[in-house]
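*Asks:* Protein sequence lines correspond, in order, to chains A and B.
Position 45 (the first sequence) corresponds to 45 in this note's numbering; numbering is contiguous.
Position 24 (the second sequence) corresponds to 498 in this note's numbering; numbering is contiguous.
Worth flagging that the hints you see were computed from the coordinates, not collected in a lab.
We put the beta carbon where it would ideally sit given N, CA and C, even for glycine.
There could be a bad hint or two in this list.
Said to hold, decoys possible - With the C-beta cut set under 10 Å, the calculated list includes, among others, these residues of chain A facing chain B:
1) 122
2) 269
3) 317
4) 456
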Amino acid sequence: MNERRTASRIQAEVTLQRESWADGGNSGDVVITHEDIDRAHDRVHVLETRARRGFLPRMHLLWLLIGPGILVMLGENDGPSMLSYAATGARFGIGFFLPFVVLTFAMACVVQEMTVRLGAATHRGHAELIFDRFGPFWGWFSMFDLMLGNFLTLVTEFIAIRAGLGFFGIRPSVAVLGAFLVLVVALMTHRYWTWERITLGAAMFNLVFVPVALLSHPRWDAVGRALFTWGPLPGGLTADTVLILLADIGATVTPWMLFFQQSAIADKGLTTRDIRFGRADTVLGAALATLAALATILATAPLFMHHMSAANFEAAEFAQALQPFVGHWGSALFALGIFEAGMVAAVTISTSSAYAFGEVARRPHSLNLPFRQGKSFYLVLLLEAAAAAGLVLIPGIPLVYIVLIVNVIAVLAMPPALLFLYMLVNDREIMGELVSPWWANALALAVVIVLICAGVLFGVSVIAPNVLAHLGGR
Amino acid sequence: MEPHFPKATSDEVSSEDVTAVMTSLEPDQLISAKAKHHCPQRQLTGVEMILFWALRIYLVLMFGVVIYQIWTGVR
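Isolated chain B (complex conformation) (with noise of 0.2 Å):
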């Protein structure tokens, strides 16, 4: 999906709103830098993704926990 950020028209800025934008805002925390610049996506090791797996089949076991004693305490 595009970011879709509104840009605030012209008559809703005054020089003062700009002023405080520059003087207290860091760069990067403006909305459509956010938008523009995104952290780029980082390649996971061996490691990592053994560990991204080994957690999530370790959620999925544990659902079907709760899923087993939710239809045990139902009967």
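This is chain A alone, in the form it adopts within the complex (with noise of 0.2 Å):
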């Protein structure tokens, strides 16, 4: 009884799927690729689950949902994000920084889920969409400003994966060639699927911070005084703790997580009625890669508490002072973590890339695709990852500067990217019902006004440090 019932759902689902295609008007002349035959099946498997009715079944789908907003959350817990909770916790501890994280992964959520509901909506790219939408001057602003931001990010990624490994006395060319090999592992599956499962499973090793945290033994009096009291930030406002705050900002709120979740959403295949679950895939990404960070913080919060200078750290350094409260299996889980961060990192930021290259070129650009079908697109993902790997190798570059600065720069392109963003999703003749309500448009402001504040904020520390005295600072 009950397969018959759930086979006439699985016809009902198919019937309206043929009446789509009736009301497009165009299934008699239909022209199929490879990426779409790809994408069909995988939605083949959600159109069966979604049939079927129960916990089970709910939970099978979300499963088969899941997948741009974990992996954009957990992929922009990088390299340069850890290094800043590590350096956040070493330098200023607990009392500020946890809640300041936690509400930056709230302003993360509010951002991605516009994406979600773009991408699900549009069936396209942000990159695509922007050209469209306003031409080619603002959208070549645009790419501009995603492709110096990934380029500098992805450098950063690489020294995160060299410093992880440096740990472990592996040598920096052996750590960089190597994660360039996994790299391109990675998209040698030739299915989006599948890659998306193997990258998931790796980014899932960012929870590693959260052993390392625990045997660090905080004290959990302390911890939850500091996440629902607030305390005021360690030593006022100054030009470090404007930096620190901007680097956080930074490791949560980035441009490329924009055009990466909603390309991700389109190459997935996720429709209208798929929106729930992009939004449930967003925010347990947040939650995830909320733990994540507050777990590095309370890693690193007992060299704030000895008084251990941590100014010009790297990651093997801080794995090394944390030797002595976390010990030595602690240490070697904290390298591994910083490892894993920008090796993720390294495998979405240069997807990203590669979207959006693909996306104004007007090129194939699938991780459904064979590499003779998309040549373009693997062929950018692999070269700014080959060339950002490459520059990571050449000696004295100033390391622990370019993972901070990278995160500041990441804020301050943010408004811009935020413009667009809200634009688009407010834009009723491509969202038609979907368009933003009220609530999450005053969100999405409250969100650009706080990072244009931080980024002024930044402006005068660095032009008139002295000005922050009278605002309370030293």
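Put the two chains together into one complex, using the hints given.
*Replies:* Structural data, given as structure tokens:
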């Protein structure tokens, strides 16, 4: 009986789809590509699962539809982000920054939810929509911001990979080349679904910072107090605290995330019926990423409590300095976590660049494409990663400084990127009934204001640091 | 640049594939449909234009600040 009911529900789903083809009026003139076929086979599983009722099929559907949100959030917990969190815990403790980091991830949720709706409603990537709706003049500006930011961030991912594996005595050239090869292997699947699951599995290692935090034996009453009372900024507003504030914001909201999640949603084939699950995916990703970020701050907080200077620490030095507090295994896990953060982000960020290039150049751009059909897509991806990897091997580069400054650049580039997103998601011509409600617009506006204020504060701290003293700093 | 999307050859497409495409994808999800139909460019209003330029100028100024900070850091 149940089977018969399920079969009739699947039939209903299929009929619905056929009706939408008839409405589209182009079923007689269909050109099918390899990419369409792969995507269709993935979507068949979604349709069949959606037709079933009950808790387990719901969970199975969630499993099928999650991916872009978790990847983007854990991908953004990248090398520079984890090092920013480590520097935060080591230099400023937990009082102000634990709730601050939770707030930044809430901001990320607000922003990324808009890309879910946009991707599902239009089936197009972010760069393509910006070019189509605002024209090439503004489109190229946004591409320049994205490509510059992505390349600099990729450089820092390889810095993290090099530094993380450096703890285990692996030579920089071997570490960087090995990571590049891993990236190539991940792409060889030529299937979005397989690539997504492999990358998701790797991204879960971001939670390796949780056991490190537990090994540091945090005082849970202090953690609870920090989260619920929000202590003052230690040392007040100084150039150092402003830099770390911006680095922490840049660790959660950056332009590549907008481009990646929307393009990945289009590549995965999500439709408007999947938006609820897309939102769940984003919130789940944000929750996991918040957990990893808070764990990193907690793990390095003993350095702050013991007044150890961590101003110029790289990943390996953090891991070594933590050894007395978390033991050898704890430090090894910390170093491994930094490597993983860089590795996963190197994959997702280079993919975001390749998507954007393909959308703008109107070349095939999908992880479902075999290499010969998606040469430009894969070449952009690999060349960008290779150039970033090569740069990291140049001796004498000030690695710590680059890492912090990259997150700052991400924050500065965010308001113009958010204006494009805001206008697209409120564009009734492409979004129809899915335009943002007033409260979502209010939240998005609040995020833009926070980002601009943070940027201006950074400018003041660099150009006229004395002004900070009047704002209550030193 | 002209759109270029390689069509799957007939030996790559089975009837099962065609059924899967027709039953599980929305018409505007097809690559050929996306390549053929693009969203039309919209006209920006005066306020939108001012906002776009203001944020562009903000970005250029802030990048100047970053370069200045790097320069002072190096010195």
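*Asks:* Compare the structure with each hint and give your call.
*Replies:* Verification of the supplied hints:
Interface restraint check: residue 122 of chain A against chain B, minimum CB-CB distance 7 Å, threshold 10 Å, status holds. At its closest, the beta carbon of residue 269 of chain A sits 6 Å from a beta carbon of chain B; the interface hint therefore holds under the 10 Å criterion. The interface hint given for residue 317 of chain A is broken, as the beta carbon of that residue sits about 19 Å from the closest beta carbon of chain B, more than 10 Å. Satisfaction of the interface hint for residue 456 of chain A is found here, the shortest Cβ-Cβ separation to chain B being roughly 8 Å, below the 10 Å cut-off.
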